[in-house]
Each structure stands twice: as C-alpha cells, then as structure tokens.
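The listed protein sequences derive, respectively, from chains A, B and C. Once you know that position 230 of the first sequence is 230 in the numbering used here, the rest is easy, because the numbers rise by one and skip nothing. Once you know that position 20 of the second sequence is 20 in the numbering used here, the rest is easy, because the numbers rise by one and skip nothing. Once you know that position 338 of the third sequence is 338 in the numbering used here, the rest is easy, because the numbers rise by one and skip nothing.
One thing to keep in mind: the hints can contain errors.
Stated by the list, open to error - List of simulated lysine-lysine pairs, DSSO-like, C-alpha gap at most 27 Å:
1. 129(C) to 5(B)
2. 74(A) to 51(B)
3. 152(C) to 5(B)
In short, the hints are calculated from the structure, not lab data.
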Amino acid sequence: MQITRRDFLKFGTRGLLGGVLFYGVSSTVVRYFKNDAAANAADLEGNGLEKHYWGFLCDNEKCIGCGKCVVACKKENKVPWEPEYNRTWVERYIIKEDGEILVDSPNGGRDGFGPVIQGHHLRKEEVWKSFFVPKLCNQCDNPPCVTVCPVGATYMTDDGVILIDQDHCIGCRYCLQACPYGARFFLPEKGVVDKCTWCYHRITRGVVPACVEVCPAGARVFGDMADPSSPVKKILTEKRSYVLKPELGTEPKVYYLGFERGVS
Amino acid sequence: MTHLKRAGLVLGILLAGLFGAPRIIPVPESLLAYGFHSSDEAENRQEWAGKPMQYANTSICIDCHQDQFTSWKQADHAAVSCENCHGPAEPHLQGGAIPVVNTGRELCGTCHNQLAARPRGFPQVDMEEHGQGECITCHNPHDPREGIPPEVPHVLDGRSDCQSCHNPQEPLFRVPPHVPHPLEGRSDCLTCHSGEESGGTLLPEIPHDLEGRDNCLACHNTSSIKPFPQNHDGRSTDTCLSCHEKE
Amino acid sequence: MTGYVYPNEGIIEWDLLIVIYPYITGLVAGAFVVSSLYHVFGLKKFRPVARFSLLTALAFLLVTPLPLVIHLGHPERAFEMFLTPNLASAMSAFGYIWLFYLILLIIEVWLVFRPDIMRYARTSEGNRKTLYSILSLGVDDSTEESLALDGKLIRILSFIGIPAAFLLHGYVGFIFGAVKANPWWSTPLMPIIFLLSAIVSGIALLYILYIVVSSIRKVHPDHECLHFLALWLGGFLSVNIVLEGLEVFSMFYEAEESWAIISRLISEKITFSYFGIQFMAGSVLPLFLLAVTALSRLEEKAKTLLGFFASSLVLIGVFAMRWNVVIGGQLISKSLRGFTSFTPPLFGINGIITSAVLMALPFALLALLIYFIPPWPQEVKIPESTGLRFRGSSLR
Chain A
1 MQITRRDFLK FGTRGLLGGV LFYGVSSTVV RYFKNDAAAN AADLEGNGLE
51 KHYWGFLCDN EKCIGCGKCV VACKKENKVP WEPEYNRTWV ERYIIKEDGE
101 ILVDSPNGGR DGFGPVIQGH HLRKEEVWKS FFVPKLCNQC DNPPCVTVCP
151 VGATYMTDDG VILIDQDHCI GCRYCLQACP YGARFFLPEK GVVDKCTWCY
201 HRITRGVVPA CVEVCPAGAR VFGDMADPSS PVKKILTEKR SYVLKPELGT
251 EPKVYYLGFE RGVS
Chain B
1 MTHLKRAGLV LGILLAGLFG APRIIPVPES LLAYGFHSSD EAENRQEWAG
51 KPMQYANTSI CIDCHQDQFT SWKQADHAAV SCENCHGPAE PHLQGGAIPV
101 VNTGRELCGT CHNQLAARPR GFPQVDMEEH GQGECITCHN PHDPREGIPP
151 EVPHVLDGRS DCQSCHNPQE PLFRVPPHVP HPLEGRSDCL TCHSGEESGG
201 TLLPEIPHDL EGRDNCLACH NTSSIKPFPQ NHDGRSTDTC LSCHEKE
Chain C
1 MTGYVYPNEG IIEWDLLIVI YPYITGLVAG AFVVSSLYHV FGLKKFRPVA
51 RFSLLTALAF LLVTPLPLVI HLGHPERAFE MFLTPNLASA MSAFGYIWLF
101 YLILLIIEVW LVFRPDIMRY ARTSEGNRKT LYSILSLGVD DSTEESLALD
151 GKLIRILSFI GIPAAFLLHG YVGFIFGAVK ANPWWSTPLM PIIFLLSAIV
201 SGIALLYILY IVVSSIRKVH PDHECLHFLA LWLGGFLSVN IVLEGLEVFS
251 MFYEAEESWA IISRLISEKI TFSYFGIQFM AGSVLPLFLL AVTALSRLEE
301 KAKTLLGFFA SSLVLIGVFA MRWNVVIGGQ LISKSLRGFT SFTPPLFGIN
351 GIITSAVLMA LPFALLALLI YFIPPWPQEV KIPESTGLRF RGSSLR
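Take the sequences, apply the hints, and build the full model.
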C-alpha cells in the first residue's frame, strides 16, 4: 500500500489535534468542578492576616550560646530529638592567635557549649576571638531550593517565607543538596523534607517565632521589614549588617550583626 | 502502513490513559494538588495560622502567677522568658501541669558557665570552682542576685576608702562616669557638651518605650539598670519626663 | 566526621542508589550511540552489534527509574513529576525525557525487529504464536514498501534519538552541575563529562557483552567490529580524560575559597577511588591498552583480549567516577570546613545488595529480550526449553 506524504501529514495532524482537544477539554472540566479557593479568601483580610515582608536579625555580639532557641524550636515544631536534626542551631567560632579557626556545634548547641572544641581544650592565651553565630533558614529571596524542587512542593509565600508542603513532597532531597546553608533535613519517619519556617504558624498570628521568644540575650530579633517601626527595621537602619554567603546570590533575609571574616 | 496506524493507535491510547485518566478519575487531592502553592495566599496563611502553638508570650503567665512574675520582672532574669526553664506554656494552658524544672547545675550552666565565646560583661562563672550542689541553694532563680552581695568590679589597689566614691546610702550607685580626655585647653565644658553636636552626653535620652513603665524608680533602683546619677537625689518620678525626652 | 559539618549534614542523603542511577542511564546512552552510529551515520562496521545495542539500551532503560523511585521518601507520589512538575527544576524533566525516550526506543526496537517478529508469528505455535502475533499487532506485511517505510522511520528515530539520549544523560549532569551550593559539583562541564563517560561506559559494555554473548552462542564475534568499537572507545575516552582533568585542574589553578576543602577531598578522602580507580585504572591504563591494540601488530585474539580487559577497567572506572561525584560531593560539608563519612550498608533498601540486584536486573531483562527477539538473524533458532545458563565470561 502506498502512503503519500499527504496521508502521513493528515494522520499526524489529526492525532495531534485530537490529543490537544482531549487535554484541553478534560482539564477545563476538572478545573470547573474544583473548589474555587479564591472566593473563600475574601473575608480573611483584616483578621491580622494581612501581608507583611518578614525579616530576621541575628546579633552575634549578643548571643551567649545557651541554646535555648534550639530547644524551643524543637518543642514548638515537633522536630525529632534523635537523630540530630535542627531547624535552627548555634555555632561557636574560636579564632586562635595563630589564625586557625575552630568551629563546633555540639548537638546543634541545644545543651549549651563546653570547654572543649574539636578535641582541643584551649588555654585562654591561645584564643584571640570567640563568639557564637545562630543559624537558621535564611528564607532567601532568590532561593535555590525552590528552583530545584521537581514537583514544586516547596514554595515562597508573598510575605517572603519559604514553606514546604509535606503532603506533596516526594522526598527526593534535591533541595537538601541545593541549600548552601545546610538548613534543610530529611525526616526518615515521614519521608519528607523539613526546615525552619520562621514559625509561620506563629508569625501569621502576630506572635514572634519561638526562638525569638525565648532568647534571653535579645540576639534574635524578628519583624516586618515593611513596617518602619518594627525592631528589625530600626536596628538595621542604625547598624551595618551582613548576610551569609552573599556571593552565591541567594539574597538571604537573615541579617547578621557582629559578623566576622571566616564565618560561613 | 497498517502496522504504523495500529502502532499509532496503541501509543495514543497509552498516552491518553497516562495523562488523561488522572484528570478524570478521582485521585487523592494530595497527588494532583493543584492547590498547594498556587492557591490563594490568604488561604495558605489561614491554614498555617490554624496550626497549634506551643510557646506563648510570657505576658500570659502574669494572669495567674503575679507574685513570681513581679519579682522576676524586676530582677536580672527579666530577659529570660519563663518558658526557657519551665517549658512551653501551651500544654499548661490546656490544663496540664508545668513540668518540674530540672534544677541541677547543668541548666544554669548552659548560660553561665565560663566560655571564651560569650560576650564580655555577661555574668559567667567557672562551674568547677563556683559553689557546689544546686545553684538554687543560694540563688533565687527568679531574682538571682537577691541576697547575694555583688562583686567589686574593679581592683582595690589605691582604693582604701570606699566612701570617697560610693554614697553609703545607695552603695550600688555607679561612680559618675569619668572624663575620658585630658582637661588641658578645655576649660568650658559647654563649648562641646551643649546640645545635639556633643553626642548627647549632657542629657541622656530615654532609650526605651515608656509603655508599662510609669514608675521609673521601679527599675532605676537596682544595680543592673543604668542608675540615677548622684545629683538626682530627691527627684520624684513625675519630673523625669520634663527633662528626659523619649527618643 | 572531621572538622566541622553543619548539624544537618551528618547523613549522606543521595547514597548508593543515586550512584548507580547515572551509571545505568549512562549505559543506555552509550549503547544507543553505537546503534545510531550504524543507523544514522552508516558505519557498516557496527552492523553486527547494531541491533544488539538497541536491545541493550532498552533493557537498561527499563531499569533506569527503579533506583530513583525506591530512593524517594514517597515513591507513591512519584507520579507528581508528571502531573505537577516544577519546570525550573532539572529533575522535573526526568519523567518526560525518560518517557519520551522509552517510547522512541520501543518504537525503534519494534520497527527494527518487525520482520523477525512477523516471521516468528508465522512459524511458531501455541502461546508463542499468540505472543508474536500481538507484538506484530496482527499485521503480517513484509512488502518492500512497508519495510522501506520502516527503514526511513528507523533512521528518523535514530536521528532524534541521539539528542534525546544526550538529554537523558546530560540532564543528570546538569542536576549536579547546576548546584551552586556544592563546589565539587558546580561546573558547566558536568553535563558534558557525564555524557562522555556515559558513552564510554556504553561502548565498553557493548564490547564485553558482545564477546560474552557470542561465546554463549558459540560463534565467533566479528573482530573487525570489535576493533572498531575499541577505536571509538579510545577516542571518547581520551576526550573524557581531558575534560575530567581540566575540571579539577581549573579548580586547582583558580584556587577559589572552596579549593582548600576540595584538595583535601581528593587527597585525603577519596584518593584511592579518584586517582587510583577513576583516573589510573579506569582511564589511563585502558587508554594505553587500547592504544596498544590499535597500533601494534598482535593477532586478533590477543587484541580482543586486551580490549576486553580495557573495557572491564573502563566500566569499573566509570562507576568510580559516579561514586566520586555523587558521594564525594556530599562528603564535603557546605561549611567548607570538614567532611562526613559514608559506608554503604549491606542490607536495607539503600544497601549494597539492593544495588547489586538492580545492576543485575538489566542483564536479566536483556537475556529475556534476546530470548524472544534474537538480534542476530542468521543463527536464529528457537532456544530449547531447558532454560538459559550463563557460563561466565570466558573467551573461547
């Protein structure tokens, strides 16, 4: 049997059109019957759930390394105690007189710190500078973790917080690889990824995150960068701040005071 | 040619089944999940706001625990939230008992054991040398300096007579700040220390909110807060604001 | 653990399963390239392995998604990649690329083997007859025109298949290469390096399989074909070495902040598998052996033996490369101050045994495919029902 080019094209285009039509009709039908979420949202404004633009400040000069923030976060967000996962943690940096930098974070700092660092018990004369650096998810404005999620389970809200839909996450852990700050971790029990959410369930109710709430030194400050009277905005207006790994272009929103060269 | 037509048909059916069926057959919402982040932002916030909180703000504690609250609020540990030691408030608000605080030395040590990394001026002790047994034997956890005489924060050489600087009526008053520069060529203080250009050393501004702080003397009476200068004897609270502007 | 690692980095999350995945996909790409060299570029010397390489590609392609799916925290949600992909993510492309390539390969295999299928449908009986009839879609049309049409389609599909195969494996390289957070991974060369080592491993696999299967069938392999395979293997291998070496040399030369930890990685943590296996045993030595086979005057059998040995080394070397990239990259802490450690467990879903089973699965599938649609038409014989027994890889 002869097949002409015309036949081939006819067959091909018919198939293609059929497919497109089928897809279009079926998805329109489905979308029509789906619940229209937007209609229900109309009465939510004015309940304290207006849009903000959140910012976080960590003051390395005030942090005393008590680790209460780590404990509070674990209790607030039901983060497993074992194995050691942390939505937030505290690092200690010791810069020795000879320039060597030692860093540690025993159990994320949740039980405080001890006199031994990386196996060394340093004498006072050996230490040039030393300080603590609280760490948490930086909620980057240009988040590499959101880009790499294959199913879009992690997303950025319009107030700048990056959240994970744990009903959608397939547990491929690509976002763990993509985060330059080590803020994400995998929950083997639930088979999904988790991370610090700046206590989104609290801040949408006008309450500060748990770690900010319990910090006894005022080293963690939280606020609305869109509100000029918020503490974060005011402090950042007065003081110079820095962010972690700015060269990667992630545009983190956790600002650090008292930053030091060598902190990563 | 027939074989190609048939092959095309088989392929078409397979693809339609693969991609079309999930859009028609009811599938669990979580799999299709058109809603997760393309849903309305407000609805997303609503959903998150519905999740339970564990930690509350410490202003809740005063509703029932006034005594402890007042003594705590006026003392050095006012910066340490109740929930730091007593655990999250939510289970207690639901009716559960507050968990018993582990009053061992480790709890106090997480903040106060001596570490090079802690900021200067933060009270630290060498836990090996400082006292023994539980810290609360000597220190009231809500007011840790209660009954404890404070250390002398300076050397005692050349300072035999404490009263030459310290007013015995109020021994914890700080010595007036010393002049940090030589006085040669500087006879008239006001050429520099007058108004805004001087950096405000003349009349310190009030660096904090005045809400809930009607009685200045409640805090400016202890050693931890910047105290009254010596020449402020006898002044009453209602006159503070007539000179000190709120920032 | 040495130095300082972030608290959340204690566990390597992309483990052995993610090491074998690019290995398996790579073999697909390599086998398909050989087949396309015949079907598209008309290199007649590859004729003996052309159909066989298609079957190899198909067998390995069918196993490709398995390590990924069982690695997921929620394998049952894997279909979300089709339904709600985030197209900004390289990984979201996997579902579509794999599906597209699978369809393409199945159609091509079907078209290439259609004459055989129709012949079996005519000559066999009982269940087998039904099977072959279904496979031929009930059409028994071996006219010149239909076969010519098939031929044209095969060429078109092979042609499209080359970039598709490149995409299938190149996107894996991009998944790693585009992660700026990991200095060992982040380089634009990564997709190309992955692709080249994939082609290299595919050719090496075909070399070995052709010899093995020929010895099982008790026929002599076509030495000219093998020689040609070895030539192409050597060519791709030399480019591969250059690129892999260039990547690390460039890092060393530029000496960015991350070079301190990377130099420690390759000099302390993965020294043996990197310099020892990947470079020396897996690239330089095989290249030398292949050069000997190409340039010297040995008899055919000796050359084939050397080529066989070289191909085995290449296969091991490429596996080491996947290990060094995937595991090595995760050994470095993102604090750039320390390393974690990793020993794969023996049992468990991400254990060595599971991975060994997954690696053996494509060979089992290949055996099945060869059983039903043998790629060498001249010696077509319906095998006895005594089952298949493989007698190892001895050359006879």
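Query raised in the report: Which hint numbers does the structure go against, in order from smallest to largest?
Result: none
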